[in-house]
Amino acid sequence: MLDYQTVSDDELMVGLQRRDIAAFEVLYKRYGDLVFSTCLRVLSDAGLAEDMAQEIFIRIWRRPEAFDPQRGKFVTWLLSVSRNRAVDEIRSRGRRRKHELGNVVDVEERPSGKEREDPLFNAQLADERRAILSALETLPAEQRVAIELAYFKGLTQQEIATALKQPLGTVKTRIRLGMQKLKTFMQAREGQARGR
Amino acid sequence: MDCKQVEELIDAHALGALDEAERSQVEAHLVDCGDCRVQFEEATKLAAQLALSVPIRQAPGDLFHRTMADIHRDIAESQGSEKKVSWLAAWMPRLAPASAAAAAVVAIAALGLTINLDSRVDDIDDGNGNVQQQQLVNLALAAEDRQQAELGAQDVSAAPAATETEISALYIWTPKHAAGWLIVAGLVSGKTYLACYETQRSGVRDGGQMVASSMGQAQTAFPILHDDPLVAVGFTTNGDCQEGDWLRHWELDDPESCLPVRLTDGLIA
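Note that the protein sequences, when read in sequence, are chains A and B. Going by our numbering, the first residue of the first sequence is number 1, and it counts up by one from there. Going by our numbering, the first residue of the second sequence is number 1, and it counts up by one from there.
A portion of the hints provided could be inaccurate.
Computed from the model, here is a short list of chain A residues facing chain B with C-beta under 10 Å [what the hints assert, rightly or not]: (1) Leu34; (2) Leu40; (3) Glu50; (4) Ala53; (5) Arg62; (6) Leu125; (7) Glu159.
Everything labelled a hint here was simulated from the structure, so no lab data went into it. For glycine and all other residues, C-beta sits at the position ideal for the given N, C-alpha and C.
Model the full assembly from the supplied sequences, consistent with the hints where possible.
As structure tokens, this is what we get:
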């Protein structure tokens, strides 16, 4: 009998194309919390985040072929889909104006002791998570805030400039420098990992 | 835009932070420029990694059940009612002289075929080995034959009753589908019922509406997970399983079993 717990994400997605509901169940168990948390981060509303996470998983069930393993890892795709759908939801609800200022503090929320002890099933993913958290810690707060407002709140550079009462050019520089630092940090880490 | 201008905007584009006009210009450039496209893909990958930085909260347990319930509804809708109806219709001549109990047994054969038509799996997993689908159908047919023999030559009308008098049902758990299937016969034709079930960890849940067919038969499926087996199943007409006022209520002797469980009025047969 197939042991689903040891099956890779890509194989589970092939299972979904065969309409294997047990494969779907395993995918949900692996990533349900992460998808919900990503939606919650963007939407700042547990009820909306629940609805959005449900919608995302149902979409995956209905259209598993939307994931192309040639283009990258499943989890990367899943998180992009989750973030993008949640941001679309903010925009369609016209909620972004409410978020512009109010969530500057919110974006500074960092992982805390309230989290689950072992939130990610996958050691490699947990390692990647620690790396991106460390990378973000190295950024000056203003660069991190600008990046997080863009990614998690779906604001454009102009909207961020308005929200932070900063010149547009300043926001552009913060985003660009911040992303470059993150990239350098993550590349160095990948190099170290390969060298081990 | 040239490459230098695009490079200035690639990170913001990967974060989704460009306005409409800038985004159109950058995307037009990326179509023709492989070097910039590689940079954009790297930036997009980095942006996606940002999602891993979110504080991870446990999704409400209810969310999984709601999602699975939606998926089961999706499956039911996509199964193609025509195939089910035609298959059941083929059995109707055998149903006519039989009691409602036999109708339920025949329905399990229909269920077996439905799973087959769905072509998602080749067999039904019993959690220990495999109960082949054909075996399941054979089991149902054998049970029907026994029922026919018990009835002898009696001419029992299959006309639907005005009240629920001789209820029979079958329950099967198919772990591979993470689904519990309830088939009930002896219901009032056209009447709406609400299936109810109780699992070890999640308690009482609504198993979905069932509308009795002209033969007084109805079926439904609901999510039953490996780690949260069913302990009781039944149905109600008051529209709320939580009320506890179920019209029929069956407790399972062996929640881990994947074999069909035949249920009669308030009893496990």
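* Asked: Against chain B, is Leu125 (chain A) within 10 Å by beta-carbon distance?
  -> With a minimum Cβ separation of about 7 Å from chain B (threshold 10 Å), the hint on Leu125 (chain A) holds.
* **Interface hint compliance - Arg62 (chain A) to chain B, C-beta minimum distance less than 10 Å** => holds, 7 Å
* Please verify that hint: Ala53 (chain A), Cβ, nearest Cβ of chain B, below 10 Å or not. => Ala53 (chain A) check passes; min Cβ-Cβ to chain B is 6 Å, inside 10 Å.
* Under the criterion of a CB-CB separation shorter than 10 Å, is Leu34 (chain A) in contact with chain B as hinted? -> Leu34 (chain A) check passes; min Cβ-Cβ to chain B is 6 Å, inside 10 Å.
* Is the shortest C-beta separation between Glu50 (chain A) and chain B less than 10 Å? -> It holds, given that the least Cβ distance between Glu50 (chain A) and chain B is near 5 Å, below 10 Å.
* Was the hint right that Glu159 (chain A) lines chain B, CB cutoff 10 Å? -> holds, 8 Å
* At a threshold of 10 Å, is the proposed contact between Leu40 (chain A) and chain B supported by beta-carbon distances? -> Holds - the Cβ of Leu40 (chain A) comes within 10 Å of chain B, reaching about 6 Å at its closest.
Hint compliance for this structure: no hint is broken.
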